[in-house]
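This is what each chain is made of:
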Amino acid sequence: MIGKTLRAGGALLLLLWLPGCAVQQWHSTGIGRYLERHSLDEALTELDAHPPERRDRAMYLLNRGMLQHLRGDYAASNRDLEAAKAVLERVQALSLSEGLTASTINDTLGDYAGTPSERVLLHLMMALNYLALHDLDGARVEALQADLRMRELPEAGAQLASARFIAGLVFELNGEWSDALIGYRKAAQRLAEQHQPVPQPLQRRLLNATRRLGLEDEYQQYLTRFGAQAEPPPGSGELLVLYLNGKVPSLQQRMISVFVPSLNHAVTIAQLYYPPRRVPAPGARLPIGPHAVPLERLEDLDRLARNALDAGQARRTALTLARVTAKHALVKNTRQKDPLLGMLADLAAILTEAADTRSWNLLPASIQIGSVSLAPGHYALPVDAAAKVAPEPLQVNIRAGTTQLLIGNSYRIAAHAAP
Amino acid sequence: MKHWLTLLVTLVLTAGCTTQVTRVSPDETIDLSGAWNDTDSRLVSQEMIDDALSRPWISQFQAQSGRAPTVLIGSLRNLSHEHININTFVNDMERALINSGRVVFVASSTEREQIRAERTDQDLNASEQTRSAAGNEIGADYMLQGQINTIVDVASRDQVRYYQVDLTLISLKDNRKVWLGQKKIKKLVANSKLRY
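As they're listed, the protein sequences go chains A and B.
First residue of the first sequence? That's 1 in the working numbering, and the numbers climb one at a time after it.
First residue of the second sequence? That's 1 in the working numbering, and the numbers climb one at a time after it.
Quick caveat, the hints were computed from the structure, so don't treat them as lab data.
Please note: incorrect hints may appear among the correct ones.
[To be verified] Straight-line C-alpha distance at most 25 Å; calculated DMTMM-like pairs for lysine to aspartate or glutamate:
| id | chain 1 | residue 1 | chain 2 | residue 2 |
| --- | --- | --- | --- | --- |
| 1 | B | K193 | A | E152 |
| 2 | B | K183 | B | D158 |
| 3 | B | K193 | A | E155 |
| 4 | B | K184 | A | D179 |
| 5 | B | K187 | A | D137 |
| 6 | B | K187 | A | E89 |
| 7 | B | K183 | A | D137 |
| 8 | B | K193 | A | D179 |
Please model the complete structure; the sequences and the hints are all you need to start from.
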């Protein structure tokens, strides 16, 4: 009798604990949806109001670092991202206990380890922060670490044209043209693999780097491919815009019933999905004085996230089916011994079934670049509150033969780094 | 018996959750992540300065000018894969050189800006007797420059990290390089593939 009561009490405690888990997971993952209706500052306050579980710490730090970047606090962003980097490094080792909980309870009880592309994008975001802080050496460190990460992760999703382009840019700004060209070549190669066009700023850089390094044959090939208009006019300077557009969708889950022949029974499983992809808006144009900088897509992170979800589908389905089969067997066994306890166990089995909706969901939907050749002089970014451009005009100083960097996002354009 | 067992298991489990602090000697070598650390900084700076002080450029300068050479630290760039605090490395080198008594050190360009601002302020606000006049700075004879480079080879969770620190002492009078120092460190970092 006492044993029965204890078992029932244990099951009830489990039931009381589970809704708490669900709420916690919503706070961890829901910040992406929260930002769609609130300001950056409000989103940061909301994020900080709910300290994460230890297992969600990496995702919390990644999202916090992204929010800080979007707000323009680049030093704070790097502090969060550096901390996220350390956590992600630690959790890459295979956990035996997490493997056990994933195969018996659900996927969400393990440490968040990030997707391969997220682990590379972490370095890219930090490099952007360092560029905005005018710390070229810091940006260079992140460019090298991104390269290491891409060498370590063979997955196609981890090979990012944007990370290669930023590495090339950092080397270029450091005057290391040989390494810059390698970065630009790899960016163009990755875009070709994805059947994406080469954006104009990358065309310009391939031409410039090959010309400077005296690689005449390669220069002529690019000139034939891109046309002479890709060359900057003599005596001009360049304004290069790096623009983080929109936000990746947040992962969602739906419960579906699947008939399992081995059980001769239908079981309920949680399935991950992304909401339908919005048709990307045509390339925006950023007004700079009398000019407008056309923005072209360098990386489609929305597509990357969907591809990563598809790539993991087979593994997730196999794990989920194994788990629900085990749960079903346990419920059946318990029901035979004690109908009340069996009912509670059945309820617990359904409630514990949850898909892992965690992701770095404050990442931009795409990374865009644009550049314009300008005559030396001062230019002002106009105030455009509706377009969430700068709250006050930004002064950009263009010098002949140099590149001025402008880092912005859909929420605000406020940083310009002059190396 | 069961209660004792439960208590024992609880104690074992919670023991791992407490924060433990152990004081260790600053000279003790502790490698946690395999990244550049205080031991690397200290050993490299000490070895390179010992090398610099044992080379003939000092004695040659003293023989020609009859005084100790004045050195200035220029740029020391971190071109490695890691965020390395260059300041601790520079401070270690500066301390070792000054304490050797064989070299005179002058403030770096950043430090000089602050000192010059203070001197300008003294011109306006300090008494004639205590004022430090402008135009009495000691010009450096040599500038120390350098960089830290790395080559990292990676396979799965293991890495071989190769650090190379290059320092150059350049004569400000005629751009001659009077000393080239080089120190290499190689580390094999085997990251755990399993965790609890």
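Hints violated by the structure (numbers, ascending): Structure breaks hint 8 only.
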